[in-house]
Amino acid sequence: MKFQSTLLASAVVVFSVLSSTAAGAQSSSESAASTADALDELLGTDSAATATDPAPAPQVADEEPPAPTTSSSPESEPAVDNAAAPESIPVEPATAIAVAAAPESRGDRIEEIVVTANYRAQDIQDVVGSTQAFSGQSLDRSGAAGMQDYLLQVPSVSFQPSGNGTTKVSMRGISNINGNDFGYASGSPTVGVYLNDVAIQGSGVFPDLKIFDLDRIEVLKGPQGTLYGEGSMGGAIKMVTNAPNPNEWELRTDQAYSWTSHGDANHEARAAVNVPILQDMMAARIVGTTSYSGGFVDYTTRNEPRANSGTAQTLRSILSYKPLENLDLGYMFLYSNDKRSQFAVVDAGKEDELTNSGPEDQYAKTKFTIHSLTAKVELPFASLTSVSSLYNTLRDSQQRVQVLQNLVQTQFIGTGIDAPQIFANSPTHVKTKLKSFSQELRMVSNGGDSIDWIAGAFYRDRSQTFEQEKYENSIPAISTGLLDSALAAANINTTVLLDNLLTALNINSFNPLQGKQEAGDGIENFRQAAAYGEATWNIVPSVLELTGGLRVFSETVGFTIDTNFYGVEAFLIGTDPQNIDPSDGTVGVNFSQSVKTSGILPKLSLGWHITDQDMVYATISRGFRSGSANIYAALSAGPPVVKPDFVWNHEVGYKSTWLDGRLIANFSVYYINWNNIQGTVLGNAKLGIVPTQFAYLANAGDAVVKGAEASTTWLLYDGLMLNLSGGYNNGVLVKAAPNSGVSSGVDLPSTPKFTGSATLSYSTTLSNDWVGDISSTYSYTDTQLMIYPAGEVSDGMPIPAYSLLKAGIGLQRNKFRLQLFGDNIMDKRAVVAISSPSKQSTVITPRVVGVRMSYDF
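The opening position of the sequence shown corresponds to residue 0 in numbering that gives the first Met the number 0, with each subsequent residue numbered one higher.
Keep in mind that the hints were calculated from the coordinates and are not lab data.
Note that this is a predicted model, so its numbers are computed, not measured.
Possibly wrong hints are sitting among the right ones.
Claimed, not checked - Using 20 Å as the maximum straight-line C-alpha spacing, the simulated EDC-like pairs for lysine to aspartate or glutamate come out as follows: (1) K321 - E377; (2) K752 - D781; (3) K838 - D768; (4) K515 - E466; (5) K838 - E350; (6) K827 - E466; (7) K321 - E350; (8) K515 - D448; (9) K752 - D794; (10) K432 - E352; (11) K838 - D360; (12) K366 - E466; (13) K338 - D395; (14) K827 - D263; (15) K685 - D781.
Kindly produce the complete structure, drawing on both the sequences and the hints.
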């Protein structure tokens, strides 16, 4: 209740202040207008005519304008009349603007897209920096449901789904290089993820939320530390929802049925309803989805064919209220429930057969909720926005974690002999509970002046508790009484062989023949306060602009864990007397650590609009990721503190529009310095006094990433669109940290050198008002490493390059649409992640073909 009380209390205070401010601003405006009228009458002039008005803001539309769209929107859209659309009530005021109408709404040019990457409405071609946007309509039409459906079309971006419902995203080689996906002690992500204005990335597991009825998705590449803060050192992903419409009922429905090669059928149903409550003032928008994903991996030891099935349900509701002309209030609620039984993981070398010989019962159940309150007041000189949010995550999962088998394999390193699978059934059960509260206040000037500015403050308080139990089910569970009886029958003196040994070690309750090996619990705490500002000097309006920004922050990260050991692990850990409690003889390890960090994140950029169609820019920006604790330091594996890491990004780019708006071409090159990299390294740990190979989180050293990106959108012919994008990244560790087990000169993990995609789409009007469309997308991801190479210990677990092909063909008449689609049409066995010590591969879903039907009422 602490978090809920804090949220409601802060929201009430903020709403009260903003409401009174709005009322005051409105009366001030009326007073100012009266004063101006009096002056006009006295002086005989028209002050309204002589005043310098700010540049008009881009026109905002509640619905997407007709296609063709930009490179991120491969399909053509039917014309939509936005002239009568009411002004949208922003639920998240900074990001409520969707796609503005083009200067000329013709089918012979690419529509411009307006984004709010810098908390200000801008044509995407005018944004200084590399930004890509995906319209909500094109996402819905293509049936996009998760990150894979759009991120593979973004140059220099790669992703690694673990199979258990979590996903790691890398931008320009900046990624969370960590093999732990338990949801705790796993380090922070390097790509910020936002739903409207709510930051939902953190130390806990972030599920790949189902997306439907979005206004757009913006992908911002490069450090976004000044405006977005920690966790966005590689970039940020912003999912912007559709705002409720207070003047019109709307119902959207969408259903899909599909079949997976070598697997089971899938189905999905999605719906969105807009409910006007008070005309021009209040409305609600409710979105719900439910889906079932059929399995395709056979778990042979468990005799479970196609075992990796999953279900997901989401519910999103948004309420908007406009009590005053210059005041907008909004509430958003999101609920996500994701369940997976077994995972899309196969034994190494069995990718074609799609089989897994693991005996563990694996599953992941994740519930995710968000509550957010937003208030925005329009002042005469700026807009003031408050965003209060509370999000919770509950996760119950079980997966393979081979500690003892890892110890066995350590003994065979360098021998050329495969280690025997002695401990082959090693499930670890983890429960996590995360709560996070955040509050942001942001003021954005109205724009159009010689200097435009943004100022804000941010606070976050996050805590996560966790419990874990680890088992080795290959060990038969035999009670000590049965053990004593068996040894006595063999005429073996148990007191001499066992009891005396345990007494000497002061381990009084030891039973080696049991499956349970570990039981522990702990808590992670995170608290941060920050203030930021950014100013843009329009040196020559609409031609030359200089932007400087700064974010000042202070944060504390704390971690505590207590673990008790049993069975074989207790015997090993207990060989170090420091791990034995003298009061009761139990074996355990306690670990507690905190990291305090403060610093500044500057930004400087220059944009030169050579013409209305061409812009060159240069930017320097800094990003950072919060520090963490290395819990395996309790086992003498690495230092206890993982320091924060920072990046400096140096970038120049060129954005251009050609052929009277039919061709858009963008290009950028960048040089990134990455200091104190956090990542998983392979080193040595001690189970008591017994050494073993172990992977742990540490600062691996400093790296450099050199890269380039290019994207082109070309309207070849009315209705025929070609989108091309490509990225090159060369990430190298230039200075390895001492005792990290990593060598200088190795490639960075999660950094494919080449990424690219090509989309060709065509739309045309058929007879009787039918519109037909066809589209195809090809994507390529180059070879990348899973972890750092470490000599004989590890080759970095390289992930082979892979390519994917998807296509769709659709028919639409008025509000009805029918589409046949295929994903992974070439039925590739693409590997996207690798686990160890018993090598297993996470694979992409095989070929899927299906039909999708949608109708908007």
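Checked hints:
A distance of roughly 12 Å separates the Cα atoms of K321 and E377; the hinted pair therefore holds under the 20 Å criterion. Our distance criterion of 20 Å between C-alpha atoms is met by K752 and D781, whose separation comes to about 6 Å. The straight-line distance between the Cα atoms of K838 and D768 is roughly 55 Å, outside the 20 Å bound, and the hint therefore fails. Distance check on the hinted pair: K515 and E466 sit about 14 Å apart at the alpha-carbon level, within 20 Å; holds.
The straight-line distance between the Cα atoms of K838 and E350 is roughly 12 Å, inside the 20 Å bound, and the hint therefore holds. A distance of roughly 38 Å separates the Cα atoms of K827 and E466; the hinted pair therefore is violated under the 20 Å criterion. Among the hinted pairs, K321 with E350 is inconsistent with the structure: their alpha-carbon atoms are about 55 Å apart, more than 20 Å. Restraint check: the Cα-Cα separation between K515 and D448 comes to about 68 Å, which exceeds 20 Å; the hinted pair is violated.
Our distance criterion of 20 Å between C-alpha atoms is met by K752 and D794, whose separation comes to about 17 Å. For the suggested pair K432 and E352, the alpha carbons sit about 37 Å apart, so the restraint of at most 20 Å is broken. The hinted pair formed by K838 and D360 meets the criterion: a straight-line CA distance of about 18 Å does not exceed 20 Å. About 16 Å separates the Cα atoms of K366 and E466, which keeps this hinted pair within 20 Å; it holds.
Straight-line distance between C-alpha atoms of K338 and D395 comes to about 10 Å, which keeps the hinted pair within the 20 Å bound. In summary, the hint linking K827 to D263 is supported, as the alpha carbons are separated by about 17 Å, within the 20 Å threshold. Under the criterion of a C-alpha separation no larger than 20 Å, the hint pairing K685 with D781 is inconsistent with the structure, at around 37 Å.
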